[in-house]
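**Q** Full structure from sequences and hints, please.
Residue numbers (the UniProt record's numbering), protein chains in the order written: chain A, 1 to 337; chain B, 1 to 274; chain C, 1 to 664.
By construction, these hints were calculated from the structure, which means they are not laboratory data. Where hints are given, some of them may not hold.
[Unchecked claim] To be clear about the criterion: a stretch of chain C counts as covered by chain A if any three or more of its residues have a C-beta under 8 Å from a C-beta of chain A, and this derived list gives those stretches:
1) 85-92
2) 109-123
[Unchecked claim] So the derived list for chain B, only partly shown, Cβ under 8 Å to chain C, looks like this:
3) S160
4) Y166
5) R171
6) P187
7) V237
Backbone N, C-alpha and C fix where the C-beta goes; we use that ideal spot for every residue, glycine too.
One letter stands for each residue in the lines below.
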Amino acid sequence: MRVLRFLLRRLLQLLPVLLGVVVLTFLLVRVLPGDPIRTILGPNATAEDAAAARARYGLDQPVWRQFLDYLGGLVTGDLGTSIQSGAPVAGELAVRIGPTLELVVIALALALVVATALGIWSARRAGRFGDHTVRIAALVGNSLPEFWLGLVLVLLGYSVLGWAPAPSGRVDPDTDLSLLTGADLLDAALTGNGPAFVSALHHLMLPVLTLAIVIVAPLLRSVRASALEVLASEAYAAAEAHGLRGRLLLRGYLLRATLVRLPALAALVFGFAIGSTVLIEYVFSWQGFGQWALRGLLYRDYPVVQASVLLIALFYVVVFLIADVVHAALDPRVRIS
Amino acid sequence: MTKDLRFASSLIVTGSVILAVVVLAALLAPLLTGWGPEEIDPAAPLAAPGGAHLLGTDLNGMDVWSRVLYAARLDLGVAVVAVALAVVAGSLLGLVAGYWGGWADDVLMRVVDVFQAFPTFILALAVAALFGGGTLNLVAVIALVNAPAYARLVRAEVRSIRELPYIEAARTSGAPPWGILWRHVLPNSLTPVRVIAPLNCGWAMLTLAGLSFLGLGVPVPGAEWGAMISLGTADVVAGRWWTSVPPGLFLLVCVLGFSLLGEGLQERADAVRR
Amino acid sequence: MTLLSVEDLSVLIRRPGHEVAALSGVHLHVEAGEVVGLVGESGGGKSMVARSVVGLLPAGARATGRVLFDGADVLTMDPAALQAHRGRGAALCFQNPRGALSPTRTVGAQLTDRLRTHRGMDRDRAREVAAELFESVGIRSPRRRLDAYPHELSGGMAQRVMISLATGCAPGLLIADEPTTGLDVTLTGEILNRFRAAANTEGRGVLLISHDLASIAQVCDRVVVLYAGTVVESGPAAQVLGEPAHPYTRALLRSVPDLGGRPVTATPGAMPLLREPPAACPFAPRCAHATGECAAGRPEPAALAADWTAACFHPQTAPLAGTGTRIAERRERASGGGAEPQVVARVRDAHVVYRGRFGGAGHHALRGVSLSVAAGEAVGVVGESGCGKSTLARLMLGLVAPASGGVELAGRPLAEVRGRELRRLRTRAQLVFQDPIGSLSPRRTVADAIAEPLRAAGVGPAERAERVAKALDRMELDRSMLTRRPHELSGGQAQRVGIARALVGEPDLIVFDEPTSALDVTVQAQILEVIAGVARDSARGSVFISHDLATVRGFCDRVVVLYLGRIVEEGPVEQVFGDPRHPYTRALLSGAPSLGDGFAGPRVELTRDLEEAEAGGGCPLAPRCPFATPECREGEPELLAYGGMPGRVACRRVDEIPALLERL
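**A** Structure representation (structure tokens):
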């Protein structure tokens, strides 16, 4: 109950921030140079054609009018119509989110597990060879350009070794996967489509690996640093000095105290991963949200840009909210009321 | 503890050596290659490494080795200048907001909040797409998206320093507010910035290359690592490694240099604090 | 068999670029049923002994010698035996209980973890025993407390939990590392008695580590004195603390201010950080009795009497009378001046409220305090932590503004001036801080720090340098200090720099805010001597703030006792310390551990800890006061003169107190 009330209050606090984001993107997109109508009509269109197109998308209205229309649409769940494709933005968006979330969530989960295990392992060997190796590896991971790493993995996995699929598409079309959520792995599992599941997994392998490698580094560094702090703490020394040992020491006195600060960083890394997926989707021709938003941005497709910016902001704040709740659950010192 | 310090020093030295080598290679590029960065060898598009072209040529018949070397000038230059701008602007804002508080602080922090409601790369992407590419624009974009983090960092530092006994001591000594800010708060509040800035240079290079990779950065014939990698995307699927692996490797090594330097500084600061 | 026998224990620790000889040839033993005190200043190796006994040496440490526990050597135990020894054989009670409790685990779980590990209990049985243990250390509603997290406990409660963790597995030996640091006077007594009881009734051996000699004197059978990692003296508490033979023990004892006003004698120098086991007597450079022999070889511990040894070529036998100048002398001079001395600072009925975070209720730190300080006068302000003494200091310096009431410096109200003029006026009062190193800007040199008030006052560089050098000389600091930065200074040096900075502008008032509480005992005495010299100046007033009553007694003319933001008693030192009329003052004096006879006269004990006393209306002490009547809870008593005495007391029953005390 307390958690629910806390969530509700935080969500209400978020409204002004989101409204700010809405206003800002709406204005920014219109103030800056570039014209979506020109880009769809091409250079040969006449002034009349342009005016007609403008009227079709409501761009002939005064800006405040456009804004009110947009806001009204938002409230009813209508995100407008894409200028490029002419399809409703909400519909396009729905198909695009699944594949991206699938990628990010799997990679982040993988990275969190690896970071926790390796970070604690490394901290317990602080200053020794194993620890130094892990730290250097994390630094390299931190320095890798994800788009290049993706290409190198394609080069090795597909071009040289040949056991990864070509970097195009997310599932073998022959498997007849029916679309539910857009996340192919989930859809295959839900429909009990075995071959599609295997195929989706196969296609996910390299992009997930790419993303996981670049996001594991900051998580690993953070886990190692907090584990070191806990190991050096008087509380841990006291547990050791009183003869506690083995799993009890690890689980009761090291693990939870170490993970306390991870949620906030994981939320930041989630944002970083969203940024990285734009590049990774490009490399693997992954028809996800990143690709869609990027195209919208390049063509000045106002409704698409506005919808994607709003969605990212919304995602980001919700993820931070979740992080706060997890933090409160892990750390008894944090009060959520 | 000895070990920590020794490891920290070796990180700093390795990082600095890497960066020095890259800078030297960029400066001495004309001596290290016979080809110009935008010079086309019409006889040999996509030539394999060896022979006249040390690392082969790309789709346009330009020498990969030469382009990789010249690109270092641009990538390093943009990243360092952009981060320097971000540090100066962000720190000044953070300093003033943190020390005086009040409405200036509120306004600044709300602006920073909006900026930080987006992942940095997404923000850079959006701003670059809207303002257009070009070297100067890229410097501005990267400085702009990084400055808020410095403002927040320095502000937090200033706010905690403001409560420390030595600031109270300066006040009882009758030092004027500006004097306290300049002589006591500023030098001590920049400690974390010193560690973050090198790391940030690395991220800035990755951002720049990422933007160029998507076609939003340096215009086409310009030698830039991200753009080169982008051009080689199709080659990779065909098994031609030399067009995109070398620029990526250079980028990786260069960013790693900054990372090592930053990590070493951090480690040393921690070891000294203990 | 001897319970614990440490034989020729040496510990070397690797540090960047050098080694530190933390312990060099330490011998000591603890029998069952006995409390042994381990004393000495920080860096002397006390904690290293404790850690060696549980086999928990820091990384990079090498230990030689033997640590025999029930005949088995802890240093050579295999991991399994060591884990069984820790907690079950010897259990360590940590210095900072809040820090030593894992923040993310309930205290009940932390206790049952230990019970299940060492006593093989199942979950339910362990929980039951845990509740009993909590009750036995004085935790109320123990079952509910089992599910509390450490941050939900008060400092005293956390210390009780820590003791239950250490005693829970019935160890043969209990090691307590500074168990009473940061606790109030009343709690300190209770905790010490628990350790005494552990030895008396449960037959455990107790090794009590403390820098507080008075606490040690109260409960220990035997005392071991460490200096620079060596045992310099050991023997029965009465001998070692009453008629010490080793010059260091004597120096240590003479450095402690006493409630009875016995003068403090400072010993020059500081404890060395040894890089290798000493070849000579480590105390020789600071010792008044040292001869060539002392610098040539290291004295072995020699028996003076049964079970009493001192490692010294020239053991002393003279009684430990003070030879230092009695600081109280100046009092006659100051008051014999004839004309009424000028008032340098005045606080009138001041209230200070700290704004709460996030719009919450504020903290009312001072509630109607009036105080004036005259030139040539030294006023002591005492009280427990949280009583508002530091707020009073900051108020007098204009660092916090009163919510109502006013502050005057040099005859001018602070509220009437602004900007540059306010800054000028504020510099008439200077503050010496509790944290000497923290009060110096980390990136500025000593010269810069001392010159700061002069620079602010617009003094030119040449004159500045001259006056800085003079201030440095007065503090007996070497000129080479000028270019050093704070982290290169010792605590004592930094505090001298802090005092030099306060003095350099020749202010009317200097406020010392717990200036010695962060320093070691012998350094404390040195700084107290410096401060006494400053306070002797007849042109200046000084205020000395401390939680330690004995320190104030040494050189103040007047004392003000604060309790929860109010003055409860004030008056001349002799009056307040000799015949305190407020029950709170008397309780403070009764509870303060003392090396000498302690507080003479009828003692008063408060009925509850400050943390547990619920706030009510009326007299703030009423919930804890043994003499409180229903009327006391109705209105706040005023601070009034009583029975023709020079002091004032805020107690409704002040006239009845002597009679009430008789009846106790």
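**Q** Against each hint, give a clear statement of whether it holds in the structure.
**A** Verification of the supplied hints:
no.	hint	verdict
1	85-92	holds (count 6)
2	109-123	holds (count 6)
3	S160	12 Å, violated
4	Y166	5 Å, holds
5	R171	6 Å, holds
6	P187	5 Å, holds
7	V237	50 Å, violated
In the structure shown, a violation is registered for the earlier hints numbered 3, 7, in ascending order.
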